[in-house]
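Colleague: One-letter residues, chain by chain:
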Amino acid sequence: MSGAAAEPGLLAHFSYFVTIFLLVAGLFIVIARGNLIKKLVGLGIFQTSVYLLYIAPGKLVGGTAPIVSDAYKVYSNPLPHVLILTAIVVGVATLALGLALVVRIREAYGSIEEDEILQNETGAAADDAR
Amino acid sequence: MSLATQLPALQVVVPLLAAPLTVLLRRPGLAFAVAVAASWCALAIALTLAVQVHGAGGTTISYAIGSWKPPLGIEYRVDALSSLMLVLVAGIASVVLPYARGSIEREVPPPQHYLFYTMFLLCLTGLLGISITGDAFNVFVFLEISSLSTYVLIALGRDRRALVAAYQYLIMGTIGATFIVVAIGLLYLMTGTLNLVDMGTRIAGVSGSRPVLAALAFLTVGVSLKLALFPLHQWLPNAYAYAPSAVSAFVAATATKVAVYVLLRFYFGVFGASQVFGRLPMAEMMLVLALAGMFAASTIAIFQTDLKRLFAYSSVAQVGYIILGLSFDSATGLTATIVHLFNHGVTKGAVFLLLGVVVASVGGATLLRVHGLARLMPWTSAGLVLAGLSLIGVPGTAGFVSKWYLILAALEKGQWWLVFLIVASSLLAVAYVWRFVETAYFREPSRDIEPAPVPLSMALPTAVLLAFVVIFGLDTTYTVDPAARAAAMLLGDGP
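Those protein sequences? They're chains S and A, same order as listed. So for the first sequence, the working numbering puts the first residue at 608; every next one is plus one. So for the second sequence, the working numbering puts the first residue at 22; every next one is plus one.
Honestly, the hints are just simulated from the structure, not real lab data. For every residue, glycine included, the Cβ atom is placed at its ideal position computed from N, Cα and C. Just to be clear, a hint being listed does not mean it is correct.
Over the 10 Å line for every Cβ pair with chain S, so calculated as not near, a few chain A residues [as the list claims (entries may be wrong)]:
1. Leu28
2. Arg181
3. Ile192
4. Thr195
5. Thr199
6. Gly206
7. Ala238
8. Gln255
9. His392
10. Ala445
11. Thr460
12. Ser478
13. Ala484
14. Asp502
Derived DEER-like restraints, expressed as beta-carbon distance ranges [claimed, not checked]:
15. Ala445/A x Val631/S: 18 to 28 Å
16. Gln726/S x Pro132/A: 50 to 60 Å
17. Val631/S x Gly299/A: 45 to 55 Å
18. Thr81/A x Glu723/S: 25 to 35 Å
19. Val696/S x Leu38/A: 17 to 27 Å
20. Lys90/A x Pro685/S: 42 to 52 Å
21. Thr81/A x Ala700/S: 25 to 35 Å
Next up, chain S with everything else stripped away, as it sits in the complex:
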């Protein structure tokens, strides 16, 4: 990143802009979409943005893998990668569980649209009251 020195305000923080964009875009999809699968997609994007937040600052320009040797002085921090490996596993598990729940919801309600399910539920609530 040679441009980083010239324009520290914008380019040096490039990865953070991408992170924030993905974070907000993901969150927006979760809130704005009524389709349960699309909500999970948004959630996936939302979680992925955090991976970038951790990984990007771990990289140093010209850095190598952390090898103990006199030939290498600058190395990238390996810890964020390990942490994010764990976070990815958590993300996959969450997505899998979410999709499994959507399958069950479709079996029970015959729909994966939020408004239709809510309509269906108000009917069930009326049954309860009776």
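Use these hints to put chain A onto chain S, whose structure you have.
Modeller: Structure of chain A alone, referenced to chain S:
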């Protein structure tokens, strides 16, 4: 290398290993035996650790996982606060699990019984892990272990609305957890460490910088989602109402409380009170949200027709009290928070166990079904009234002790109007508990409901937890003293 020095690791490892064991055994009876044994084992370990920490000359126990010394290695840390949480979580699990067998026989399809125990043990593992770990990223991992298993447990409810409730909780919970990871990531970027104690000392150098304040904001929102602080409580009522009764009891008594613990740990252990309350108007914000929760949620609770939902909204209101204590930023206020955390956990656990008994007996917990319940099930009704009194904060019950300290903290700050508001919101609690009393005691039982007998395995744990509601109301040696010690430790820790 005796076994006693390995207790902090065993605290988490025992339920963690028992969980896959229940899958391998498959027979519900065997899985049940393993789960109960594991939870009792966890309780024994938690009590042993608590004696070591709180006993005469007690010290903080630090355990290096795999002998990798902190701050580089992962540290398990048992101090005055975390040992209290360990006892609460393990204790509630040990009471709920024996109860669960009779309860899920009526509420969960038989092929899923052994998986219920697996998920329950994983949830227990996660909650114990959050309480004991001294590593920021570990908090997130354990948080997700407990959350993912909670989603599954809620989805096991027999009502199809349980599925939607679990899905909603999954979305909200994941957003909360992701916010927490963002906060941990920012803190790691600024301090270069993940060990909470180390982070707490190193943060002094970057105190007040924008990423640290951003981390504080992310953490507050994320944890507030998890602990259902008003207005981020939307997932809670449905989740508690449609989950199997045993799950409602366990989750209501522990999950939100452990989230409060995370908040306390980060606020006072890492950021330090001066940064949290000095740099950002956190105290004012917490105060407003806590009061809003206390009044709005209690008012909504009054208009519920399902008892499980009614007491779920009451939980949101009670979280308000817990956060109110935190917002005082004083030793008495923190003591009130920690005591209420504990006392409300016990009380709400008892309430949902009693509701589980009602569901098992008359087939549901809507107000229509409990007409004249006092005549059909006098003991259960009396128990619910007793637990309700504790929610209101009547002297002689656990709820009174915590409210007393809350009022003391308000008086200490000279905020008389707050004392008035605390008492006023308790009157709302009288109103929603009265809803039950009125239907159960002053209505004729409907003739077509024949209460089924309730097994002793369900009645006994419920009675035990109810007994503790009264014991902690009369004798505060085991609640207030450790809580005061924990509060002093938290305030002393801050930079």
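Colleague: Hint by hint, note whether the structure agrees.
Modeller: Hints, verified against the model:
1. Distance to chain S confirms Leu28/A as a non-interface residue, since its nearest Cβ pair spans about 25 Å, more than 10 Å.
2. For Arg181/A, the requirement that its beta carbon stay farther than 10 Å from each beta carbon of chain S is not met, with the minimum near 4 Å.
3. Separation of Ile192/A from chain S is inadequate, the least Cβ-Cβ distance of about 6 Å not exceeding the 10 Å criterion.
4. Under the 10 Å C-beta cut-off, the non-interface status given to Thr195/A relative to chain S is violated; the minimum distance is some 5 Å.
5. Distance check on Thr199/A: its Cβ comes as close as 5 Å (rounded) to a Cβ of chain S, failing to clear the 10 Å threshold; non-interface status is violated.
6. Distance check on Gly206/A: its Cβ comes as close as 5 Å (rounded) to a Cβ of chain S, failing to clear the 10 Å threshold; non-interface status is violated.
7. Look at Ala238/A: its CB is around 13 Å from the nearest CB on chain S, clear of 10 Å, so calling it non-interface holds up.
8. At roughly 12 Å from the closest C-beta of chain S, the C-beta of Gln255/A stays outside 10 Å, upholding its exclusion from the interface.
9. Chain S leaves His392/A outside its interface by the beta-carbon criterion, the shortest separation being 14 Å against a cut-off of 10 Å.
10. With a least beta-carbon separation of about 31 Å from chain S, Ala445/A lies farther than 10 Å from that chain, consistent with its non-interface assignment.
11. No Cβ of chain S approaches the Cβ of Thr460/A within 10 Å, the least distance being about 14 Å, so the stated non-interface status holds.
12. Look at Ser478/A: its CB is around 29 Å from the nearest CB on chain S, clear of 10 Å, so calling it non-interface holds up.
13. The Cβ of Ala484/A sits about 30 Å from the closest Cβ of chain S, beyond the 10 Å cut-off, so the non-interface label holds.
14. Distance check for Asp502/A against chain S: the nearest CB is about 38 Å away, which clears 10 Å, and the non-interface claim stands.
15. Hint check: Ala445/A to Val631/S, Cβ distance near 40 Å, so the stated range 18 to 28 Å is violated.
16. Here the CB-CB span from Gln726/S to Pro132/A is close to 31 Å, at odds with the stated 50 to 60 Å.
17. Checking the proposed 45 to 55 Å range against Val631/S and Gly299/A shows it is violated: the Cβ atoms sit about 29 Å from each other.
18. Here the CB-CB span from Thr81/A to Glu723/S is close to 54 Å, at odds with the stated 25 to 35 Å.
19. Between Val696/S and Leu38/A, the C-beta spacing of about 19 Å keeps the proposed range 17 to 27 Å intact.
20. Taking 42 to 52 Å as the suggested C-beta distance range, the pair Lys90/A and Pro685/S does not conform, at roughly 19 Å.
21. The supplied range of 25 to 35 Å is met by Thr81/A and Ala700/S, whose beta-carbon atoms lie about 33 Å from each other.
In the structure shown, a violation is registered for the earlier hints numbered 2, 3, 4, 5, 6, 15, 16, 17, 18, 20, in ascending order.
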